[in-house]
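Undergrad: Build out the structure end to end from the sequences listed, making use of the hints.
There are 2 protein chains.
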Amino acid sequence: MNEIAKELLKEVSGLEEMPKGAYNIRENSKSIARQSSENIEIVSKEDKSGIDIIVKPNTKSEHVFIPALVSCGGVHDLVYNDFFIGENADIIIIAGCGVSTGDSCDGSEHNGIHRFFLGKNSRVRYVEKHIGVGIGTGKRVINPVTEVEQEEGSFMEMETTQIKGVDSTRRFTKAKLKDNAKLVIKEKLMTHGDQFAESKFEVDMDGEDSSVNLISRSVARDYSRQTFISKINGNTRCVGHSECDAIIMDHGVVSAIPEITANSLDATLIHEAAIGKIAGDQMIKLMTLGLTEGEAEAKIIDGFLN
Amino acid sequence: MNEIAKELLKEVSGLEEMPKGAYNIRENSKSIARQSSENIEIVSKEDKSGIDIIVKPNTKSEHVFIPALVSCGGVHDLVYNDFFIGENADIIIIAGCGVSTGDSCDGSEHNGIHRFFLGKNSRVRYVEKHIGVGIGTGKRVINPVTEVEQEEGSFMEMETTQIKGVDSTRRFTKAKLKDNAKLVIKEKLMTHGDQFAESKFEVDMDGEDSSVNLISRSVARDYSRQTFISKINGNTRCVGHSECDAIIMDHGVVSAIPEITANSLDATLIHEAAIGKIAGDQMIKLMTLGLTEGEAEAKIIDGFLN
Chain A
1 MNEIAKELLK EVSGLEEMPK GAYNIRENSK SIARQSSENI EIVSKEDKSG
51 IDIIVKPNTK SEHVFIPALV SCGGVHDLVY NDFFIGENAD IIIIAGCGVS
101 TGDSCDGSEH NGIHRFFLGK NSRVRYVEKH IGVGIGTGKR VINPVTEVEQ
151 EEGSFMEMET TQIKGVDSTR RFTKAKLKDN AKLVIKEKLM THGDQFAESK
201 FEVDMDGEDS SVNLISRSVA RDYSRQTFIS KINGNTRCVG HSECDAIIMD
251 HGVVSAIPEI TANSLDATLI HEAAIGKIAG DQMIKLMTLG LTEGEAEAKI
301 IDGFLN
Chain B
1 MNEIAKELLK EVSGLEEMPK GAYNIRENSK SIARQSSENI EIVSKEDKSG
51 IDIIVKPNTK SEHVFIPALV SCGGVHDLVY NDFFIGENAD IIIIAGCGVS
101 TGDSCDGSEH NGIHRFFLGK NSRVRYVEKH IGVGIGTGKR VINPVTEVEQ
151 EEGSFMEMET TQIKGVDSTR RFTKAKLKDN AKLVIKEKLM THGDQFAESK
201 FEVDMDGEDS SVNLISRSVA RDYSRQTFIS KINGNTRCVG HSECDAIIMD
251 HGVVSAIPEI TANSLDATLI HEAAIGKIAG DQMIKLMTLG LTEGEAEAKI
301 IDGFLN
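Chains as they are written, first to last, in the working numbering: chain A, 1 to 306; chain B, 1 to 306.
Any given hint could turn out to be false.
Derived lysine-lysine pairs resembling BS3-like cross-links, with alpha carbons at most 27 angstroms apart [to be verified]:
#, chain 1, residue 1, chain 2, residue 2
1, A, K200, B, K231
2, B, K178, A, K277
3, B, K231, A, K174
4, B, K231, A, K186
5, B, K277, A, K182
6, B, K188, A, K231
Away from chain B, derived, C-beta distances all over 10 angstroms, residues of chain A [stated by the list, open to error]:
#, residue
7, A5
8, L78
9, R115
Read the hints as simulated data drawn from the structure, not as lab findings.
Glycine included, C-beta positions come from ideal geometry on N, C-alpha and C.
TA: Structure, rendered in structure tokens:
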């Protein structure tokens with residue numbers, strides 16, 4: 001792994017050395033390091049690029065790291081990762097992606113298709129951080145597709161973050177929830193320059209007392225554009241909530257299109273969205289306390305996203 | 001005008017006799033009574049079915065009644081009405097539509113395309129009530145298209161109500177707002193049986209300090225289906241708010257798809273939507289006070305819609 005890849009690895013997954021337990025590190029479309037643990041087995045797919053991550057029932061408090069790195073221009077990575085989470089398991093998955101195109105004029109992209117099959121009463125915390133780095137004209141593109149199937153009583157929390165350097169992203173997250181399954185999604189997106197980001201969600205609450213809570217916070221700076229689309233279907237007794245708050249700066253453009261459909265009398269669905277610039281009085285308050293305009297802005301954005 | 005038409009007229013516009021001032025009453029695709037006033041002129045269109053309503057500048061506190069009635073089955077009415085509101089005018093327009101198919105097996109429909117051109121600083125209150133009546137299998141369909149163009153400083157308030165008897169409706173309301181123009185839309189919709197209702201809005205705030213406030217309240221009973229779609233574009237310094245609250249009962253299905261897009265840093269846009277059934281504690285409270293289940297339900301629905 002070269003210095004660029006090491007830097008990316010640290011940024012997206014916090015890793016400075018190989019972790020304990022299970023991991024798979026992918027660089028430029030190839031697995032470059034892998035380890036299974038007693039409870040978590042990682043095996044290559046035979047029919048296409050990617051891995052199966054098989055978590056034994058009752059596995060507790062283990063981490064799985066599966067960062068993907070693209071460390072040069074001209075790479076078009078496509079990977080299929082499937083997660084099979086055994087009953088009653090309770091684990092954390094760290095899955096970031098960093099794309100560096102250096103000073104290359106060739107763009108690079110990473111397309112990751114992740115599927116999650118959560119067994120009964122299992123719990124997963126999924127943390128995903130996307131960044132792009134490079135000074136050349138090559139575009140950095142990350143298009144993640146995430147499909148989640150949750151069995152009875154399972155819980156999944158997804159924390160996804162894209163803060164900088166990704167020129168274009170199309171995110172698509174799809175979930176199907178059985179009885180008592182709960183899904184929490186926290187998304188943070190910041191775009192700048194002339195970047196484009198689309199984030200699309202589709203959640204079917206098929207099981208009684210299932211619930212979804214979808215919270216998206218985004219900031220669009222410069223000439224960047226963002227579209228947030230969510231579709232929540234309440235098909236039985238269930239509770240759905242979606243919330244999209246966006247701050248626009250400079251010439252940023254944000255659209256929010258949240259769709260909620262109650263197909264059952266016992267579905268309760270709520271969504272909220274607000275788009276606007278930083279409130280003037282907040283700026284004034286911080287500047288009165290001695291911050292410059294830039295510092296005040298940074299502080300507000302930081303507080304908003306965290 | 002026969003008894004059915006008289007009854008419809010009373011229901012949709014509150015009229016029991018011909019009003020003072022300007023009016024046009026349409027029955028089964030024909031104008032059956034018309035009167036212009038000194039300040040409000042009503043003239044037939046020459047190229048198609050419909051009327052132009054021309055309101056002189058500075059006209060104050062006048063009413064215009066333009067109810068449309070369909071009093072039998074087999075009628076397919078299509079009408080184009082254009083309203084030209086002079087500068088500084090301040091008027092009320094009562095425009096309801098009643099469709100009765102009696103015991104006919106033939107359906108009837110009314111398609112009204114209304115365009116409003118509001119002059120500078122003019123004010124319009126537009127009240128529209130839609131009902132359907134009939135015991136036959138003939139479907140009653142009302143599809144209104146409303147286009148609004150608001151000059152600087154104008155104000156329009158639309159109150160639209162569809163409470164019962166309309167088997168299918170597709171409503172489309174479109175508005176373009178210049179500087180300081182304000183638009184308030186209050187929609188009430190109740191569907192029952194296997195009725196279908198779609199209500200679509202598209203508002204462009206092109207002028208500085210323009211604003212739109214869109215409030216939709218709906219109730220879907222039995223097997224009825226409703227779709228609410230709103231699209232609010234903030235293209236400059238402006239404020240947009242949309243709110244869609246729906247109560248579902250029995251097997252009713254409601255979708256809400258509000259889209260907000262900030263194309264300007266100075267646009268502030270908010271939307272909220274909530275779909276659910278009548279809260280149990282509200283029912284219990286009213287039943288504790290001596291109301292039957294049916295009475296309690298009726299009271300809650302009534303309060304919600306009014």
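Undergrad: Compare the structure with each hint and give your call.
TA: Going through the hints against the structure:
| no. | hint | result |
| --- | --- | --- |
| 1 | A:K200 to B:K231 | 18 angstroms, holds |
| 2 | B:K178 to A:K277 | 21 angstroms, holds |
| 3 | B:K231 to A:K174 | 24 angstroms, holds |
| 4 | B:K231 to A:K186 | 25 angstroms, holds |
| 5 | B:K277 to A:K182 | 21 angstroms, holds |
| 6 | B:K188 to A:K231 | 24 angstroms, holds |
| 7 | A5 | 38 angstroms, holds |
| 8 | L78 | 31 angstroms, holds |
| 9 | R115 | 27 angstroms, holds |
In summary, the structure agrees with every hint in the numbered list given earlier.
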